[in-house]
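There are 2 protein chains.
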Amino acid sequence: MGVKSILETHPLLSDRVRLSIMGVLASSEEPVSFNELLEALSLSKGNLSTHLKKLEDEKLVEVNKQFVDRKPRTDYVCTLKGREELNNYLEQIQKMLKQTKK
Amino acid sequence: MGVKSILETHPLLSDRVRLSIMGVLASSEEPVSFNELLEALSLSKGNLSTHLKKLEDEKLVEVNKQFVDRKPRTDYVCTLKGREELNNYLEQIQKMLKQTKK
Chain A
0 MGVKSILETH PLLSDRVRLS IMGVLASSEE PVSFNELLEA LSLSKGNLST HLKKLEDEKL
60 VEVNKQFVDR KPRTDYVCTL KGREELNNYL EQIQKMLKQT KK
Chain B
0 MGVKSILETH PLLSDRVRLS IMGVLASSEE PVSFNELLEA LSLSKGNLST HLKKLEDEKL
60 VEVNKQFVDR KPRTDYVCTL KGREELNNYL EQIQKMLKQT KK
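Chains as they are written, first to last, in numbering that gives the first Met the number 0: chain A, 0 to 101; chain B, 0 to 101.
In case anyone wonders, no lab produced these hints; they're calculated from the structure. Please note that the accuracy of each hint is not assured.
Heads up, the list lumps identical chains together, so a pair's fine if it works in one copy or across two of them.
What the hints assert, rightly or not - Okay, derived cross-link-like pairs now, SDA-like style, lysine to any residue, Cα gap no bigger than 25 Å in a straight line:
| no. | residue 1 | residue 2 |
| --- | --- | --- |
| 1 | Lys64 | Leu37 |
| 2 | Lys44 | Ser4 |
| 3 | Lys97 | Glu61 |
| 4 | Lys94 | Asn34 |
| 5 | Lys64 | Glu90 |
| 6 | Lys97 | Phe66 |
| 7 | Lys97 | Ser43 |
Just need the whole structure built from these sequences, with the hints factored in.
Shown next as structure tokens:
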């Protein structure tokens, strides 16, 4: 039936919120700040932080903390591994789409 | 950034296992038995039952219990709602794939 491959994708991506975070980061050409993510996804700070920490621990995203005009700024980028895992996940889903739509 | 739409898909589908179950059911033209699902997805009985119950409670799948040759047989089908939700989910994913690949 050929959908078993979905079960072999990265487990962290099997969550709407984390998938959306990865989508925002992977489709941006520049680092995205915590506040931009907050606004783009309408999440609570705690919720967003928790998900970002999980993605960071698995090296799917990379964090960069710095001071800009003396204010702390936290930026996130999608790592190469993150992009590969995301594309793999999305492609497996797409394959399934083609099967179920026939 | 346009990936927020993933957050508006059915919450139950944002799980690899449930998504796979739905994929098997939606791509089959006939009802699929519990044992066929078990074999197709290599899950434990308990794990599969738990996910199926959740999908059933949300009317994404329909269950049919009957006796065949005096043996109990439990069949599952994807409901119309389930198919719509699945297609919606997969379409959002497809959009994301286009964005993240550019």
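Verification of the hints:
With identical chains, the CA atoms of Lys64 and Leu37 are at most 25 Å apart within one copy only, with a shortest distance of 16 Å there and 46 Å across copies. Taking the shortest Cα distances, Lys44 and Ser4 sit within 25 Å of each other only across copies (19 Å), while inside one copy they are farther apart (33 Å). Taking CA atoms no more than 25 Å apart as the test, Lys97 paired with Glu61 passes between copies only; the shortest distance there is 23 Å, against 33 Å inside one copy. Taking CA atoms no more than 25 Å apart as the test, Lys94 paired with Asn34 passes between copies only; the shortest distance there is 24 Å, against 34 Å inside one copy.
Taking the shortest Cα distances, Lys64 and Glu90 never come within 25 Å of each other, neither inside one copy (32 Å) nor across copies (35 Å). In this assembly of identical chains, Lys97 and Phe66 lie within 25 Å of each other by CA distance neither inside one copy nor across copies; the values are 47 Å within and 34 Å between. Proximity of Lys97 to Ser43 under the C-alpha cut-off of 25 Å is found in neither arrangement, the shortest distances being 35 Å within a copy and 27 Å between copies.
Hint compliance for this structure: hints 5, 6, 7 are broken, all remaining hints hold.
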